[in-house]
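**Q** Protein chains in written order, with this note's numbering: chain G, 28 to 191; chain A, 78 to 256; chain S, 69 to 472.
Keep in mind the hints are simulated off the structure, nothing from the lab. Take the hints with a grain of salt, since some may be wrong.
Think about it this way: if two alpha-carbon atoms lie no more than 30 Å apart in a straight line, the pair counts; the simulated DSSO-like pairs of lysine-lysine are [said to hold, decoys possible]:
1. S:155 to G:127
2. G:169 to G:129
3. S:155 to G:179
4. A:202 to G:169
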Amino acid sequence: MGLEIGTNPMDMNAIAARLVADFAAELTDVRVQEPDTVVARCERAALKDVARRLKAHPEIGYQTLNFVAGVDHVRHLESVYHVYSWKTNTYLELHVEVPKAKAEVDTVCDVWPAADWHERESWDMVGIRYLGHPDLRRILLKDDFVGHPLRKDYVDLVENHPHA
Amino acid sequence: MRYPKLEHFQEPNVITTTADFIFSWARSHSVFPFTYGLACCAIEMLSSGFARFDVARYGMEVFRPTPRQCDLMIVAGTVNEKMAPVLKRLYDQMSEPKWVIAMGACATSGGPFYDGYNVVNGVDKIVPVDVYIPGCPPRPEALFQGLLELQVKIQQHKFVAETPKPAVATPAPAAGKEV
Amino acid sequence: MPDQFATAAPDEAVKLALQRIEESTARGEGSNVEGLAFNEVVVNMGPQHPSTHGVLRLVVTLDGELVKDVIPVIGYLHRCKEKLAEKRTYYQYIPIVDRTEYVAGMNCEWGYVMTVEKLAGIRPPRRAEFIRVIMAELNRIASHQVAVGTFTADLAPLGTAMVFYMFRDREYILDLLEEVSGARMMFNYFRFGGLRYDLPDGWVEKCRDLMKRLPKLIDEYESLVQDNAIFLQRCVGKGVITQQDVIDYGITGPCARASGVAHDLRRTRPYSVYPELDFEVCLQSHGDVFDRYQVRMDEMRESVKIVEQALDMLPKGPVQLGSLRAPYVITPPPGACYTGQENPRGEYGTYIVSDGSRYPYRLKFRDPCFCNLQLFPKLLSGNRIADAVAISGSIDLVLGGIDR
Chain G
28 MGLEIGTNPM DMNAIAARLV ADFAAELTDV RVQEPDTVVA RCERAALKDV ARRLKAHPEI
88 GYQTLNFVAG VDHVRHLESV YHVYSWKTNT YLELHVEVPK AKAEVDTVCD VWPAADWHER
148 ESWDMVGIRY LGHPDLRRIL LKDDFVGHPL RKDYVDLVEN HPHA
Chain A
78 MRYPKLEHFQ EPNVITTTAD FIFSWARSHS VFPFTYGLAC CAIEMLSSGF ARFDVARYGM
138 EVFRPTPRQC DLMIVAGTVN EKMAPVLKRL YDQMSEPKWV IAMGACATSG GPFYDGYNVV
198 NGVDKIVPVD VYIPGCPPRP EALFQGLLEL QVKIQQHKFV AETPKPAVAT PAPAAGKEV
Chain S
69 MPDQFATAAP DEAVKLALQR IEESTARGEG SNVEGLAFNE VVVNMGPQHP STHGVLRLVV
129 TLDGELVKDV IPVIGYLHRC KEKLAEKRTY YQYIPIVDRT EYVAGMNCEW GYVMTVEKLA
189 GIRPPRRAEF IRVIMAELNR IASHQVAVGT FTADLAPLGT AMVFYMFRDR EYILDLLEEV
249 SGARMMFNYF RFGGLRYDLP DGWVEKCRDL MKRLPKLIDE YESLVQDNAI FLQRCVGKGV
309 ITQQDVIDYG ITGPCARASG VAHDLRRTRP YSVYPELDFE VCLQSHGDVF DRYQVRMDEM
369 RESVKIVEQA LDMLPKGPVQ LGSLRAPYVI TPPPGACYTG QENPRGEYGT YIVSDGSRYP
429 YRLKFRDPCF CNLQLFPKLL SGNRIADAVA ISGSIDLVLG GIDR
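Using the sequences and the hints given, assemble the complete structure.
**A** Now the structure itself:
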């Protein structure tokens, strides 16, 4: 009853091929990670459009966002979106590279409402600014915390430890 | 008519020591703990309040959620920089006499998260602690041992403290000679 | 002398709540009472509160008894777990994962260990897989006992006998888990490629004994509240999570199954030996507070069935791969991996990025309660404050996972 899972089971390679065919320009480096994830890379500028089309895809609609993770690879930052498709019962892991100098990327809150708090956490921890987010403020740390702790160059500051 | 108060006495005497004994006995056997369970230790604190490990046998089953009605704050869990001002305010809102137990490794000294950027290494950096209970989490029996130590501490409360007498100069013994 | 009567200065969340009141007043939705600009009051619930199940702070905008808006503020238990992962080796990090969702330690450990094993390409022996299932399911029962017990304790502050019965029986399960791992709550039992210890002698009989007694005990719990008119009135029809909410917000676990969505990772994305075990996915249809309670009670019964089957099918053999000792130093090849595991609260996922060294490069937890908590403003608005307490109890939050 209710929402069905796996109504359109597709082979992983078939899913990857379909994504390559439909998103030829925007998604690069599409590969299959057994047993159930397709990993792809997306350009920062095309993210919003790709997100909308991924969600509305007729055969593999990626309708649910699992999480958004910010990762600090030392030369650049990365925003990882992990989405789930109910129809095929598979995941897609979307990597979006974000330059450190201008750490901004479009929000996907209007596509996947679950992104709200995940993006706030990514901003809080890694310092990636999500443009268009309705309420981008710190979520886990106190409001006057200085710095973004999950960056590799974060140094523990005295201002952040008034009670040490 | 003016009634003599205990604090009017200069030195402890049989009245103040008897009052000490009675009031301290009463206080130590009916402590009202403050439910300040923050993290995993809170679940062990809850377990110690329920059927198998029954904290009611020590008179401490009345866990009040408001600090105004409590004597004892059991800090069970990690305190971090965001929570620290809240903890200080709640401690200030408790009325005297009040005691604090730091339950668990995190409240004692930061625990397994001691090198976190957001963790306060021990609640004694914020409020004065009377009893430390190590463990991660401490078993309910360990919590009880801590509560019993606290009872001993409560029973040492004095209304009128002994004034320290001035030291009498004693000559230092000559080196090498037996005293 | 500290001023114990001073009001704290409004922080970001309270300022946001006041700002929203101003905006709604400016839109013309102010008060209809003579002399008042607006009806609402901003009240702070938490972070220290008997009913918020941990250090959750809710900045509630109330109009009398009606909740107009809720702004959850979290982070009061943020223990820097994701940063600590980068400072500890994979092996040293196992006890810290226990403390994420501290009520369901075995499940959390399994989620982490499974991801590292997938990255490193390790498969544990069969006996270890079955024992892992047994431990996870026992911990699921214990976790649901805490969840439902504290939920009923919220409805009437410790006034229901249910919480006492549940915690009493949880002690039997914790005894079993303590015999196996040495600890009542923070087990530190799972290892990469197996488990730390094998089952002690006589454990299987004790476990079977308890599994025979548990269904009657679960019936006893239900009999305490099932026919209580007040319980039903407070729970039925309140806090409905729709299927669209489940899709939009990524709600998983009993909250999703109570809304009729058959999302149970043990069936939809099976891992370990779950394909060989026979159990049902517990579903309800309305998605209200009562259905979430009912799903948890049913899941306890299903877990008993799973444990009994696993005990019957338990093969002989080692619980560790290869040599006697667990691999203390493990260096998975560079790459990234995510696995989701069915925690008592939902899909508990671990995303690990490895750079080939002994330390994880980045570790991210996908916590089910973090995702479920996003629904709070929508779920609690329009209800009375007493219903808000019941609804938040039924979502089953553990702040250790939300704040990490």
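**Q** Between residue 202 of chain A and residue 169 of chain G, does the CA-CA distance stay at or below 30 Å?
**A** holds (18 Å)
**Q** Is the hinted pair residue 169 of chain G and residue 129 of chain G satisfied, with a Cα-Cα distance of at most 30 Å?
**A** holds (24 Å)
**Q** Is residue 155 of chain S close enough to residue 179 of chain G, meaning Cα to Cα at most 30 Å?
**A** With a Cα-Cα distance of about 11 Å, the restraint between residue 155 of chain S and residue 179 of chain G holds, given a limit of 30 Å.
**Q** Between residue 155 of chain S and residue 127 of chain G, does the CA-CA distance stay at or below 30 Å?
**A** holds (23 Å)
The structure meets every hint from the earlier list without exception.
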